[in-house]
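Number of protein chains: 2
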Amino acid sequence: MFRAKLLEMETRGTFIVVMGAKDAHRLGVRSSDRLMLKAKDLESIAILNIASEFPKGAIGIFNEVRDKLGLADGDSIEVTPAKRPESLSFIREKIMGERLTPWKIEMIVEDVVERHLSDIELTSFVTALQINGTSMEEVEALSRAMVKSGRSIDFKRQPILDKHSIGGVPGDKTTLLVVPIVAAAGYTIPKSSSRAITSPAGTADRVEPLCPVELRIEEIVEVVEKVNACMVWGGALDLAPADDLFIRVEYPLSIDPLLLPSIISKKRAMGSTHVVVDIPTGRGAKINTVAQAQQLATDFIELGSRLGMRIECALTEGEQPVGNTVGPVLEAREALQALMGSGPPDLIDKATSLAGILFEMMGEKNGKEKAQNILMSGKAEEKLRQIIEAQGGNPEVKPEELTVGQKWIDIEAEIDGRVLWINNRAIAQMARTAGAPGDKGAGLLLRAKMGDPVKKGEPLFRIYSDSVQRLDAAADVAKELEPMTVGTRIGERMVIKHMKAVTPLGPEFVLER
Amino acid sequence: MFRAKLLEMETRGTFIVVMGAKDAHRLGVRSSDRLMLKAKDLESIAILNIASEFPKGAIGIFNEVRDKLGLADGDSIEVTPAKRPESLSFIREKIMGERLTPWKIEMIVEDVVERHLSDIELTSFVTALQINGTSMEEVEALSRAMVKSGRSIDFKRQPILDKHSIGGVPGDKTTLLVVPIVAAAGYTIPKSSSRAITSPAGTADRVEPLCPVELRIEEIVEVVEKVNACMVWGGALDLAPADDLFIRVEYPLSIDPLLLPSIISKKRAMGSTHVVVDIPTGRGAKINTVAQAQQLATDFIELGSRLGMRIECALTEGEQPVGNTVGPVLEAREALQALMGSGPPDLIDKATSLAGILFEMMGEKNGKEKAQNILMSGKAEEKLRQIIEAQGGNPEVKPEELTVGQKWIDIEAEIDGRVLWINNRAIAQMARTAGAPGDKGAGLLLRAKMGDPVKKGEPLFRIYSDSVQRLDAAADVAKELEPMTVGTRIGERMVIKHMKAVTPLGPEFVLER
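Sequence order for the protein chains is A and B.
Sequential numbering from 34 applies to the first sequence in this note's numbering.
Sequential numbering from 34 applies to the second sequence in this note's numbering.
Hint data in this document are derived by calculation from the structure and do not stem from the laboratory.
Careful, some of the hints might be misleading.
One copy or two, either will do: identical chains are not told apart, so a pair holds if it fits within one copy or between any two.
In silico DSS-like links for lysine-lysine, alpha-carbon gap of 25 angstroms or less [to be verified]:
#, residue 1, residue 2
1, K73, K440
2, K412, K38
3, K440, K55
4, K412, K259
5, K398, K116
6, K401, K488
7, K189, K530
8, K489, K101
9, K55, K116
10, K181, K398
11, K116, K533
12, K259, K482
13, K259, K55
14, K488, K533
15, K116, K512
Let the hints inform the model, and build the full structure from the sequences given.
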């Protein structure tokens with residue numbers, strides 16, 4: 034018999050208890066072993082953590098176990114060793130290079146979502162997926178298991194269109210144009226997006242200056258009922274709860290083995306039937322070569338067909354930001370302006386191309402032209418304002434009412450010439466240093482893009498922030514990283530990077546979902 | 034500025050702080066990011082954990098950070114994002130399949146020992162080592178780094194002999210004979226051993242019924258000065274502190290990628306110059322085939338020569354327990370009896386063979402014969418008693434004074450025949466179920482070994498325990514697992530295992546160091 038010592042803390046849903054080393058030795062158990070706890074009529078399995086110093090005969094109880102067993106401090110608990118979850122054997126099989134069958138994958142994902150696995154066990158699974166790779170059967174099983182372990186939305190209509198970017202390019206506000214264009218054509222396109230993980234803004238962050246994005250499922254259904262579209266944050270909808278748990282592991286390691294099932298499971302949970310997937314490709318993007326992008330596209334298409342979804346992919350230019358702005362409010366403003374008739378050419382081209390692909394997937398001809406017409410006619414702007422209103426924002430919002438950071442600094446060209454190269458990662462890092470996405474008005478306004486002529490002393494870009502300190506820090510990053518390379522002609526500066534010594538990797542990785 | 038909220042808990046040495054999700058979003062940081070904390074004149078880097086519910090403006094402080102910054106509840110702390118450790122980039126390289134150079138490995142091991150890495154980061158490293166394998170250069174670098182990050186013992190003499198078993202066979206008390214035999218010949222053999230991890234007894238557990246094994250380094254030096262030998266627990270000597278941290282990860286996953294550096298770093302820290310490594314081989318052992326054992330032996334030998342140690346290996350019979358006993362006190366008693374002249378033949382043969390190899394490594398001829406002579410002469414018993422006395426035990430101890438479990442039950446043969454097979458894992462599981470190693474008197478006494486004739490109704494083995502419940506549980510395990518297969522002739526029972534359905538793996542893995 035042990036006595037409960039309440040620790041008054043949570044452990045992210047996992048059932049964990051703490052015991053001193055001597056008590057554990059006496060019981061013949063070690064850290065990570067499972068214990069069966071019995072208190073009065075209630076029982077629970079928990080994962081053991083061993084503390085070097087812990088009162089003899091006491092068992093440390095986090096809030097999760099306390100609530101399940103209804104424990105008070107000092108209560109008696111019967112403690113016996115218990116078996117480990119079966120899924121642990123399957124994780125080990127994956128470490129050993131085996132291909133996992135669907136029911137094994139389902140059991141693992143279930144145990145992940147129900148918090149039956151420790152951080153150590155979960156991490157080893159994700160690492161093994163990264164190193165040993167996943168077969169298409171495994172990706173399918175992971176997608177299905179991730180859908181099954183979460184909630185789904187039934188919009189009670191078909192077809193459901195959708196658009197997704199694998200991310201990696203700063204300033205990519207294409208969704209804010211594609212959704213209204215497609216919906217204005219009469220199609221249903223309920224878009225759920227993520228917030229930034231490592232970027233200066235996720236699509237949900239970009240929409241938020243226009244209207245609330247944290248809607249409940251019933252509210253989303255109502256919005257889509259009304260205006261055929263929505264642009265909401267998917268994070269709290271519980272569509273694929275396993276994903277957040279996987280991301281907790283992937284993020285510190287800068288790995289992304291669950292890219293495909295993570296994206297597709299969320300589309301499936303939204304009931305999507307036709308999806309265009311945007312794969313930005315280029316030296317500064319997540320996918321660097323066209324060959325890699327083609328492989329990924331092929332996987333998306335096959336996975337879609339296995340799950341009963343039609344998927345087409347667009348490999349897009351990913352070497353520089355999309356449009357001229359980076360940061361939540363700056364991007365919302367640029368998207369609104371674009372829908373009102375004055376957008377940058379790359380953003381317009383990308384949005385109408387992607388919308389056009391969706392139109393052609395629905396059997397229409399000249400999809401891109403149709404998208405352009407809808408955009409130019411003002412119908413897409415009208416649709417955006419309907420969406421804003423339906424989600425609880427101000428449908429009359431004007432671009433100039435979206436207030437950007439009150440402080441700013443211009444970074445100027447040091448010579449006459451052309452912009453030869455824009456470093457996406459440096460752009461993202463500057464915007465984040467300036468405060469994006471937490472400081473919504475922070476970010477960048479680019480005055481020139483690749484190929485544009487610039488003159489010495491003219492601004493290359495402006496950094497916005499609400500904080501002078503962060504503005505200075507962002508300017509320091511600008512000096513250090515040279516986000517824009519200016520030269521008189523291509524080929525004039527042949528050195529890409531000068532490596533002075535064995536240098537550890539920097540924060541080169543972009544995790545977006 | 035945040036205010037400290039003391040959590041009154043340890044986190045195993047790691048510097049961790051807790052923050053609410055909203056505060057973290059505002060600061061632009063995520064779980065696993067590093068934060069720089071400043072309070073008055075002191076500062077510290079810590080790893081961020083994000084809690085879904087946590088008071089706004091508060092930062093949760095575990096004892097490690099509290100002590101480093103001298104914090105009281107409610108103190109003000111300045112919190113800014115900080116860079117992640119460089120070693121994290123190297124862990125990622127290993128995940129990506131790169132070979133790591135020695136300085137990168139050293140930096141990782143240093144950060145492991147100094148607790149700069151989270152469980153997620155440490156686990157991914159160990160998993161990557163398991164899956165991608167380690168080159169001999171990496172194994173060497175890991176060994177050196179593990180030595181460097183711990184303490185070493187200088188016995189101020191040479192040569193230093195040593196013996197090590199990779200483990201996996203229950204009842205292997207060979208060390209308790211080899212050490213006194215070798216020391217009785219005038220050589221220095223300071224033996225540090227581990228306690229059981231997944232087995233019913235580690236060598237330190239086996240020695241403990243005879244004398245204390247938890248000695249401090251100065252005491253060990255003194256004992257060796259006096260009697261040329263010791264048999265102590267290595268766990269608290271801080272010889273290779275990284276190892277305990279790696280084992281925390283390896284144990285739940287049942288993987289063992291650090292076997293070689295773990296063993297060899299500890300030998301190096303003890304200053305060993307000549308080591309015989311025992312590799313039990315067989316179906317029920319850790320190493321199943323002679324080919325695998327040869328590969329491992331080759332690696333041990335090369336690694337030794339890289340580290341300036343002479344290593345030879347013995348591939349030994351590992352298909353059944355060594356001797357007739359399993360469990361701390363039962364094994365201590367059997368070893369003492371063997372040194373007093375009445376030991377089982379397999380134990381005697383194994384011990385004199387290994388001691389003989391060490392003698393021949395020192396240039397002597399007919400090593401095994403010499404070992405046998407020392408054993409028969411009583412000099413080894415005398416040496417054991419000297420060691421017991423030097424370590425603070427009773428040198429006059431008699432076998433019958435070593436008291437085994439007060440309750441026992443005999444498991445009987447159900448037919449006449451021979452013992453065709455003994456299942457090592459079932460033996461180990463029974464002994465652990467009976468209470469070993471926590472209950473020192475618990476364990477097994479085998480009445481027959483492989484090939485021995487048995488009669489229906491005669492005992493095959495006796496289970497000892499101090500607890501009737503555990504005794505019954507062990508008897509249940511005996512019924513379930515059939516630890517000894519009895520038949521009239523080899524080949525009469527051809528089915529090894531009957532698989533009825535896809536079955537998750539059981540606890541098949543033996544982790545011993």
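Tested hints:
Taking the closest pair of Cα atoms, K73 and K440 never come within 25 angstroms of each other, the shortest separation being 62 angstroms inside a single copy and 30 angstroms across copies. Within a single copy, K412 and K38 get their C-alpha atoms no closer than 63 angstroms, and across copies no closer than 54 angstroms, so neither meets the 25 angstroms cut-off. Within a single copy, K440 and K55 get their C-alpha atoms only as close as 59 angstroms, which misses the 25 angstroms cut-off; across copies the closest is 24 angstroms, which meets it. Taking CA atoms no more than 25 angstroms apart as the test, K412 paired with K259 passes inside one copy only; the shortest distance there is 16 angstroms, against 95 angstroms between copies.
For the homomeric pair K398 and K116, neither the shortest alpha-carbon distance inside one copy (60 angstroms) nor that between copies (52 angstroms) is at most 25 angstroms. When the C-alpha separation of K401 and K488 is checked against a cutoff of 25 angstroms, the pair qualifies neither within a copy, at 36 angstroms, nor between copies, at 88 angstroms. Taking the shortest Cα distances, K189 and K530 never come within 25 angstroms of each other, neither inside one copy (54 angstroms) nor across copies (52 angstroms). Taking CA atoms no more than 25 angstroms apart as the test, K489 paired with K101 passes in neither setting, with 67 angstroms inside one copy and 51 angstroms between copies.
When the C-alpha separation of K55 and K116 is checked against a cutoff of 25 angstroms, the pair qualifies only within one copy, where the shortest distance is 21 angstroms, while the shortest distance between copies is 38 angstroms. Taking the shortest alpha-carbon separations for K181 and K398, neither the intra-copy value of 37 angstroms nor the inter-copy value of 70 angstroms comes in at or below 25 angstroms. For the identical chains of this complex, K116 and K533 are inter-copy neighbours only, at 20 angstroms across copies versus 53 angstroms inside a copy, given an alpha-carbon limit of 25 angstroms. In this homomeric assembly, K259 and K482 never come within 25 angstroms of each other (Cα to Cα): the closest approach is 39 angstroms inside a single copy and 80 angstroms across copies.
Within a single copy, K259 and K55 get their C-alpha atoms no closer than 64 angstroms, and across copies no closer than 32 angstroms, so neither meets the 25 angstroms cut-off. When the C-alpha separation of K488 and K533 is checked against a cutoff of 25 angstroms, the pair qualifies neither within a copy, at 31 angstroms, nor between copies, at 78 angstroms. Proximity of K116 and K512 under a CA criterion of 25 angstroms is satisfied inter-copy only: 19 angstroms between copies versus 57 angstroms inside one chain copy.
Hint compliance for this structure: hints 1, 2, 5, 6, 7, 8, 10, 12, 13 and 14 are broken, all remaining hints hold.
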